[in-house]
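Just so you know, the protein sequences line up as chains P and B, in that order. Just so you know, we're using my numbering here: the first sequence kicks off at 1 and counts up by one. Just so you know, we're using my numbering here: the second sequence kicks off at 1 and counts up by one.
Derived from the structure by calculation, the hints contain no laboratory data. Among the clues, some could well be false.
Heads up, simulated EDC-like pairs for lysine to aspartate or glutamate below, C-alpha to C-alpha not over 20 Å straight-line [unchecked claim]:
#1 183/P with 239/B
#2 233/B with 221/P
#3 66/B with 223/B
#4 232/B with 288/P
#5 280/P with 169/B
#6 227/B with 290/P
#7 318/P with 151/B
#8 320/P with 145/B
#9 202/B with 29/B
#10 307/P with 199/P
#11 233/B with 288/P
#12 218/B with 125/P
#13 280/P with 111/B
#14 320/P with 239/B
#15 318/P with 22/B
#16 232/B with 225/P
#17 221/B with 259/P
#18 183/P with 111/B
#19 221/B with 304/P
#20 320/P with 167/B
#21 277/P with 259/P
#22 221/B with 288/P
#23 218/B with 129/P
#24 191/P with 167/B
#25 221/B with 124/P
#26 249/B with 199/P
#27 12/P with 69/P
#28 277/P with 167/B
#29 227/B with 259/P
#30 249/B with 69/P
#31 233/B with 125/P
#32 320/P with 239/P
#33 18/B with 225/P
#34 218/B with 290/P
#35 249/B with 124/P
#36 307/P with 247/B
#37 183/P with 151/B
Some residues of chain B that are not near chain P, with every Cβ distance over 10 Å (derived) [unchecked claim]:
#38 73
#39 120
#40 204
Using N, Cα and C, we set each Cβ at its ideal position, and we do this for glycine too.
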Amino acid sequence: MNVLVFAEHQHKKFSKITLVAVRAGQLLAEKTGGTCSAAVLGTDVEGLAKQLAEYGVKTVYAVEHVALEHYVADAHAQALANLATDKGCDVVLATASAVGKDLLPRVAVRLKAGIACEITGIHDDGSFERPMYAGNAIATISVETPVKVVTVRATAFDAAAKGTAGAVEKVAATIDANALRMKFVSFNETKSDRPVLTEARIVVSGGRGLKNGENFTIVLEPLVDAMGAAMGASRAAVDAGFVPNDLQVGQTGKVVAPELYVAVGISGAIQHLAGMKDSKVIVAINKDAEAPIFQVADYGLVADLFKAVPEMKDAVEKMKQH
Amino acid sequence: MKILVAVKRVPDPNATIKVRPDGSGIVTDNVKYVVNPFCEIAIEEALRIKEKQGGAEVVLVSVGSKVAQEQLRTGLAMGADRAILVVSDTEVEPAIVARVLTKLIDTEKPELVLMGKQSIDDDSNVVGQMVAEMLGWAQATCASEVKLAADTQSAVVTREVDGGLEDLEIQLPAVVTVDLRLNEPRYASLPGIMKARKKELKEIPLAEVGIDTTATVKIHKLEPPQKRQAGKKVGSVQELVDLLHSEAKVI
């Protein structure tokens, strides 16, 4: 099958999650005997397309149109679906990011395609693996339509490596501007010097045990920074208004799989575990020895977090000096 | 103004889900069912818009087995005006739910369709977007604030996206899918529950909706995930940091 990867970009760059989609697209193309191409949508994206072409894709389409200046679902769905049809692609694939999840269902409708959502594996026969029920069941599914649409979980595949450079082809997008009903207004970006949550090597997350938002700042953040980590939170902490939703790790938030995940004051509800249990090493700090988080933790510390977290910050800093 | 809200019956999100030994599905015995939490937020938002506008009609729609009546009654008890249940004895995949909703929207002609960003069983997060595309409408997914224009011809929706919040302007009619922080859903009051019993709940068999019900995705089997083993308990912070350094080698 010939695969077309939708290459998400921000600030004129591709992040790791885009390269993960490229890798998944290459895997699917290899297993089903086809090629893997990619599409970069926007205005003035030829340079970006050239960057991506270094990652072993056959052709990168630089798809340009004034309506693609900002990401909006309706314009992008038209452009991407039309490109897939024009180029005879069998599969359209993207990362299951906020943008990928927003866009690909519309593309599926336009292509009369079935969609496999947030897949975590590709079988040799072209069927997929995907988690359901907060990761309590892993389903084997197949898409039964001639054209297929797929979103992939960013933590489930490696990033594409540089390889044989592919071609870059500039394409003027086909968009019926009269059909557009959505307009980008503004993006209020969370400013942070910390690593991106979904790409960080270490994630330190706080839960309801921190009691309020201020404690995230004065108790948790010093540890986060001492470890050079990204900060996350449980849904309970987000629900209680301690921190913004884009820090949420879990079934309905972000899925992370860092080398080290430190859960502080998090009980370990099913929906939180769904977002972090594929981390390589899990540490839990909780005063309740019965908290379910300890059942998935490699190292558990039963302690009062308000004492343990500052101590841990000091111990980490001391170790780094040596 | 008419607002249509999609509602799904799902297993209690706090229940532990187990896969049947034959892999054909999940164990449903003794599992409590509830309104999908995101659908509750969608119902609440519809009711708040109705209260603010002074006279909107809120219509609930569900696709599922006959017992999904319970979840629709819950929504009616919260304050929705009437409900439609499209009855199917077998699981209906998201793409077919989207077709059903599109068909009902064609007849009901709401100005606004609200639904949860995802159901917590299937975890697909696709139905709202599919409906919007099938109708050629605007969509705003993962909404944390919905500001309707005074003339109700458009809205500015704040969306929870990766790395921050996005404001998006959409022309109505439109589909808005809701995220966690949009509102805190109300509980049904006792008078609300009494009133809900008398509200209209119309049932339509799936076969009579008049859509193509051919599956686009086939689920072959379900398996339980690989279990993670619990590790060790450590006695002190220093021991923890030492182990992370020397044993786990992650710091």
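Self-check item: Hint check against the structure, violated hint numbers in rising order
Solution: Those not satisfied are hints 1, 2, 3, 5, 7, 8, 9, 10, 13, 15, 16, 17, 19, 20, 22, 28, 30, 31, 32, 33, 34, 35, 36 and 39.
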